[in-house]
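Enquirer: As they're listed, the protein sequences go chains S and R.
Each residue of the first sequence is one higher than the one before, starting from 16 at the first, in this note's numbering.
Each residue of the second sequence is one higher than the one before, starting from 935 at the first, in this note's numbering.
Don't take each hint at face value.
Pairs of lysine to aspartate or glutamate residues, derived as EDC-like cross-links and limited to a Cα-Cα distance of at most 20 Å, are as follows [what the hints assert, rightly or not]:
1. S:K30 <-> S:E16
2. S:K112 <-> S:D78
3. S:K112 <-> R:D1001
4. S:K26 <-> S:E98
5. R:K937 <-> R:E992
6. R:K986 <-> S:E116
7. S:K93 <-> S:D71
8. R:K937 <-> S:E116
9. R:K1003 <-> R:E965
10. R:K1038 <-> S:E59
11. S:K77 <-> S:E59
12. S:K30 <-> S:D89
13. S:K30 <-> S:E116
14. S:K93 <-> S:E116
15. R:K937 <-> S:E59
Note that these hints are calculated values from the structure, not bench results.
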Amino acid sequence: EAEVAQSPRYKITEKSQAVAFWCDPISGHATLYWYRQILGQGPELLVQFQDESVVDDSQLPKDRFSAERLKGVDSTLKIQPAELGDSAMYLCASSLKLNTEAFFGQGTRLTVV
Amino acid sequence: DAKTTQPPSMDCAEGRAANLPCNHSTISGNEYVYWYRQIHSQGPQYIIHGLKNNETNEMASLIITEDRKSSTLILPHATLRDTAVYYCIVRPSGGGADGLTFGKGTHLIIQP
């Protein structure tokens, strides 16, 4: 069964350092999402791509977060500099097209120390 | 703002049907009801979605009231592996930005 692949699964970084997460969506999926999930809460959308274009980045803290999907396939989410409050699970999801069910990866657990 | 209201937790005996309620009284005509679940330390898993008709798949059934202001997710024969947080989500259709807005969900605990 096709899956959304994310790496790394776990990441520990010091505050003020840069950190990056990678996501490979299910093959053929045009829509890609990045979510952040703080412990004890539901996931919150950070950014949505349709192919290589950003559809929604209204909740992305753009002073330190950036996301790209240059060729419309895999995607990278970067944080620079990391802050203690960025400790969370970062989830990637993809869907075949807009307004269809989205499938999530296993996430990257980030701990900022 | 989450557009749904769910009980924070529920228990169900193994082998029985688990019925998870969700209120979405402000739902609009073009908005779907989606259900996801999240088992501890894993990514959310899609379960089912519907607009106004009842839906069934291999995982669950979704019953939507006629006025669409509430719905119930039914797991017909709950197993221990169904213990998870279940999220009921109202999602617009037809637009470009269609990210899911998760609330706090219902923590379903299946008792042996």
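Enquirer: Compare the structure with each hint and give your call.
Expert: Evaluated hints:
1. S:K30 <-> S:E16: violated (37 Å)
2. S:K112 <-> S:D78: violated (29 Å)
3. S:K112 <-> R:D1001: Cα-Cα ~29 Å, so violated.
4. S:K26 <-> S:E98: Holds - the C-alpha atoms of S:E98 and S:K26 are around 14 Å apart, at most 20 Å.
5. R:K937 <-> R:E992: Violated - the C-alpha atoms of R:E992 and R:K937 are around 27 Å apart, more than 20 Å.
6. R:K986 <-> S:E116: OK: R:K986 and S:E116 at ~17 Å, within 20 Å.
7. S:K93 <-> S:D71: Satisfied, since the Cα-Cα distance of roughly 17 Å is no more than 20 Å.
8. R:K937 <-> S:E116: holds (18 Å)
9. R:K1003 <-> R:E965: Holds, at about 11 Å.
10. R:K1038 <-> S:E59: Roughly 11 Å between the alpha carbons, so the hint for R:K1038 and S:E59 holds.
11. S:K77 <-> S:E59: The given pair, whose Cα atoms are some 15 Å apart, holds under the 20 Å limit.
12. S:K30 <-> S:D89: Status violated; Cα separation ~26 Å.
13. S:K30 <-> S:E116: Not OK: S:K30 and S:E116 at ~35 Å, beyond 20 Å, violated.
14. S:K93 <-> S:E116: violated (26 Å)
15. R:K937 <-> S:E59: holds (14 Å)
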